[in-house]
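Enquirer: Chain residues, written in single-letter form:
Number of protein chains: 2
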Amino acid sequence: MKGQVYISDVAKHVGEEITIKGWLYNIRSSGKLMFPQLRDGSGIIQGVVFKKNIPESVWEACKNLTQESALIVKGTPRADERAPGGFELDVTDVEVIQVAHDYPITPKEHGIEFLMDHRHLWLRSRRQHSILKVRAEIIRAVRDFFDDRDFTLCDTPIFTPAACEGTTTLFECDYFDDEKAYLTQSGQLYNEATAMAFGKVYCFGPTFRAEKSKTRRHLTEFWMVEPEIAYATLEDVMELAENFITFIVQRVLERRKEELKVLERDISKLENIAPPFPRLHYNDAAKMLKEGGLAFEYGGDLGAPDETFLSEKYDKPLMVHRYPAPVKAFYMEPDPVDQNLSLSVDILAPEGYGEIIGGGQRMVSLDKLRERIAEHNLPESAFDWYLDLRKYGSVPHSGFGMGIERCVTWLCGIEHVRETIPFPRMLYRLKP
Amino acid sequence: MKGQVYISDVAKHVGEEITIKGWLYNIRSSGKLMFPQLRDGSGIIQGVVFKKNIPESVWEACKNLTQESALIVKGTPRADERAPGGFELDVTDVEVIQVAHDYPITPKEHGIEFLMDHRHLWLRSRRQHSILKVRAEIIRAVRDFFDDRDFTLCDTPIFTPAACEGTTTLFECDYFDDEKAYLTQSGQLYNEATAMAFGKVYCFGPTFRAEKSKTRRHLTEFWMVEPEIAYATLEDVMELAENFITFIVQRVLERRKEELKVLERDISKLENIAPPFPRLHYNDAAKMLKEGGLAFEYGGDLGAPDETFLSEKYDKPLMVHRYPAPVKAFYMEPDPVDQNLSLSVDILAPEGYGEIIGGGQRMVSLDKLRERIAEHNLPESAFDWYLDLRKYGSVPHSGFGMGIERCVTWLCGIEHVRETIPFPRMLYRLKP
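Sequence order for the protein chains is A and B.
With the numbering used here as the guide, the letters of the first sequence map in order to residues 81 to 512.
With the numbering used here as the guide, the letters of the second sequence map in order to residues 81 to 512.
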């Protein structure tokens, strides 16, 4: 704020005396010199404190500083090739705002449960900071991509009266007067209504799955972006999806190079991402899996080992299309070539990161959709408004959904999805 | 999609034969001429169908078209000053995709409950379409404002273990193994953690209040944007807020003029919005209310009539600051000039639209914060992680929150907040 220069801006202030407001990240001393590393959220800079250049009282105060103590530091930045970030600060004054208590996160190794319990502090660490900067960049790229292509953002509701895809993994919530509400798993059905009103739409918000699985890919609360387009076919959205993913990857490579370096990400794997992505028909995928000796039954969904086997054969995201209708949601349009298949697509990230996008073409016929709802034992009354969309100007339409946290996991090249959101929610994790 | 021109782009295709994919908005005929109005989500264009220019079968099909029937129309756009939007389409071919059933929303008047029950279709109406285009524009402006000023988007969790501000208006949700989760009312406390890690942050997502009030300003589910800045004071965020509101208003005026015209918004009232906004100390507000003869007790919160009385005296948003501590949340920093007051601000929209922003400076002292938590009868154990922020590098920090739907209501100049979100959730409204 006023009178404050952020560390990310020091290059513009070389040779001037500036004020940095932040926290002590680290400090070492050597005789009449101290080297405090300061962070202010925008970056980290190393300061040089020379005893003879500052008042004695300041020198004494600095000697007792602990990690994460709050400081307002005056000094003059100077270019230094050896310094991380390229600049050092010749410190002229230090005002101690607060001396931190014994900071619990130290350079030594901590267990993951300890770090997750201290998530509110762990976020200050360089690695977590970098991951969340990549996350924010991805989210901005997502919104720019759709906004710049004239998609209208239409937020879909979190409270829903009925399930979109089955009821076993829904969170139930008390509404008013003994009514129950369920937390959304997908904005899909609502997107179809807004697509008929706006042509091209997307929703982007938190979604919820009450899965009792504890894997490195699952959160109970995660963010999903879902575009939907009236008059679009499966092929249209496959093309859209490959351009979309490429756009995001390029944006992160352009703007978050420093963070990817902190994360030791092999960016050559990302630089390679460009359209066209390989397209693999489900039938061909099934053949490859059989030939590869995997225990895969034709007609079933792909399991994690199947996805890994297939995606390892490519260095780009793989689009597997036309899954059997029974393994997909009730609203998928059947493939006219083979009615047992659906006009659906899953996109598998490279390097074993698994499915990041699922989508397809939606069923257009009122009668067929009613049959499907009955076959899936879903109550038709819950879908009356959705069926209206097939009565009043039903047109072919398609879309997809991408989970943000899986995308962040892939682009950062990390192991576990829990680090990709500021405050992850999982099976046994509701705090902080 | 491919081979399709959107109505918003016809100006680039004058004289060319193009294909429009959409729905019938309206039709009238006169002898050998028909004038179908087409909408495709991007706009509305009037077509001219001249019997002698098209096959007999197409003419017959067109005669039976109903409102909201799905059509693919070929034709040549031509500039016409009298036409709404400035262009007409000389139709050369019409392909009927689906003849709509008897469309329930007609030009006649419908009751609000009927329209809300048909929200999934009502969205197609010109007025609702315009409101939601303004909403999407505001949301983009919000994100651009903060992203371009180096704020880091840090999504805060929806599932929370404890209440941020009291527990009476919380939605309770079954988590796992008999554990309860509460849906967030504000990202505030989490923002304070991320602000200490990133310096300048914002969160922007749905928030929930289980208020049993049925007013034109309340939704149970609404979107809120909340910036938070380390080392910022109340004055810093007041200045930020006035620049923020001005930015949003300007953006909507620039890009959504057509929609504001549909809504018959008096834009002169918006063109006037520019910094500085009037600042009114709570004590002065209290005096004005007393002199104005309102039944207002010093020390209390402002009621809706008080807000209306005050904001009517200004033609810009009014910033009322330094409310009594007891009417504000426990984490507000006391005013050093008068410890009974808090470093808080509410911003009241003009034209009687009431509070759109609430914010302030947060308490920095660990001991005082503990006292406040006890005074408010809140369980300290629920706030252990929040108190950590005062142990490890506590600094002055400030922020605010703005409810998107109230902002949309004001900018659109409409009566009720229920029209400002695609699928509103209210006391007796959980469907569609």
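Watch out, some of these pointers could steer you wrong.
[Stated by the list, open to error] Restricting the straight-line Cα-Cα distance to at most 27 Å, the calculated cross-link-like pairs of lysine-lysine (BS3-like) are: (1) B/LYS448 x A/LYS511; (2) A/LYS154 x B/LYS471; (3) B/LYS131 x A/LYS448; (4) B/LYS408 x A/LYS188; (5) A/LYS511 x B/LYS511; (6) A/LYS511 x B/LYS260; (7) B/LYS396 x A/LYS82; (8) B/LYS367 x A/LYS471; (9) B/LYS448 x A/LYS260; (10) A/LYS471 x B/LYS408; (11) A/LYS408 x A/LYS341; (12) B/LYS294 x A/LYS511; (13) A/LYS82 x B/LYS511; (14) B/LYS294 x B/LYS337; (15) A/LYS408 x B/LYS511; (16) A/LYS292 x B/LYS260; (17) A/LYS341 x A/LYS370; (18) B/LYS396 x A/LYS260; (19) B/LYS511 x A/LYS260.
Please keep in mind that the hints were generated in silico from the structure rather than gathered at the bench.
Enquirer: Determine for every hint whether it applies to the structure shown.
Expert: Hints and how they fare:
no.	hint	result
1	B/LYS448 x A/LYS511	holds (24 Å)
2	A/LYS154 x B/LYS471	holds (24 Å)
3	B/LYS131 x A/LYS448	violated (36 Å)
4	B/LYS408 x A/LYS188	violated (41 Å)
5	A/LYS511 x B/LYS511	violated (32 Å)
6	A/LYS511 x B/LYS260	holds (12 Å)
7	B/LYS396 x A/LYS82	holds (25 Å)
8	B/LYS367 x A/LYS471	violated (60 Å)
9	B/LYS448 x A/LYS260	violated (40 Å)
10	A/LYS471 x B/LYS408	violated (51 Å)
11	A/LYS408 x A/LYS341	violated (39 Å)
12	B/LYS294 x A/LYS511	violated (33 Å)
13	A/LYS82 x B/LYS511	violated (48 Å)
14	B/LYS294 x B/LYS337	violated (32 Å)
15	A/LYS408 x B/LYS511	holds (25 Å)
16	A/LYS292 x B/LYS260	holds (15 Å)
17	A/LYS341 x A/LYS370	violated (39 Å)
18	B/LYS396 x A/LYS260	violated (42 Å)
19	B/LYS511 x A/LYS260	holds (12 Å)
The structure does not agree with the numbered hints 3, 4, 5, 8, 9, 10, 11, 12, 13, 14, 17 and 18 stated previously, though it agrees with the rest.
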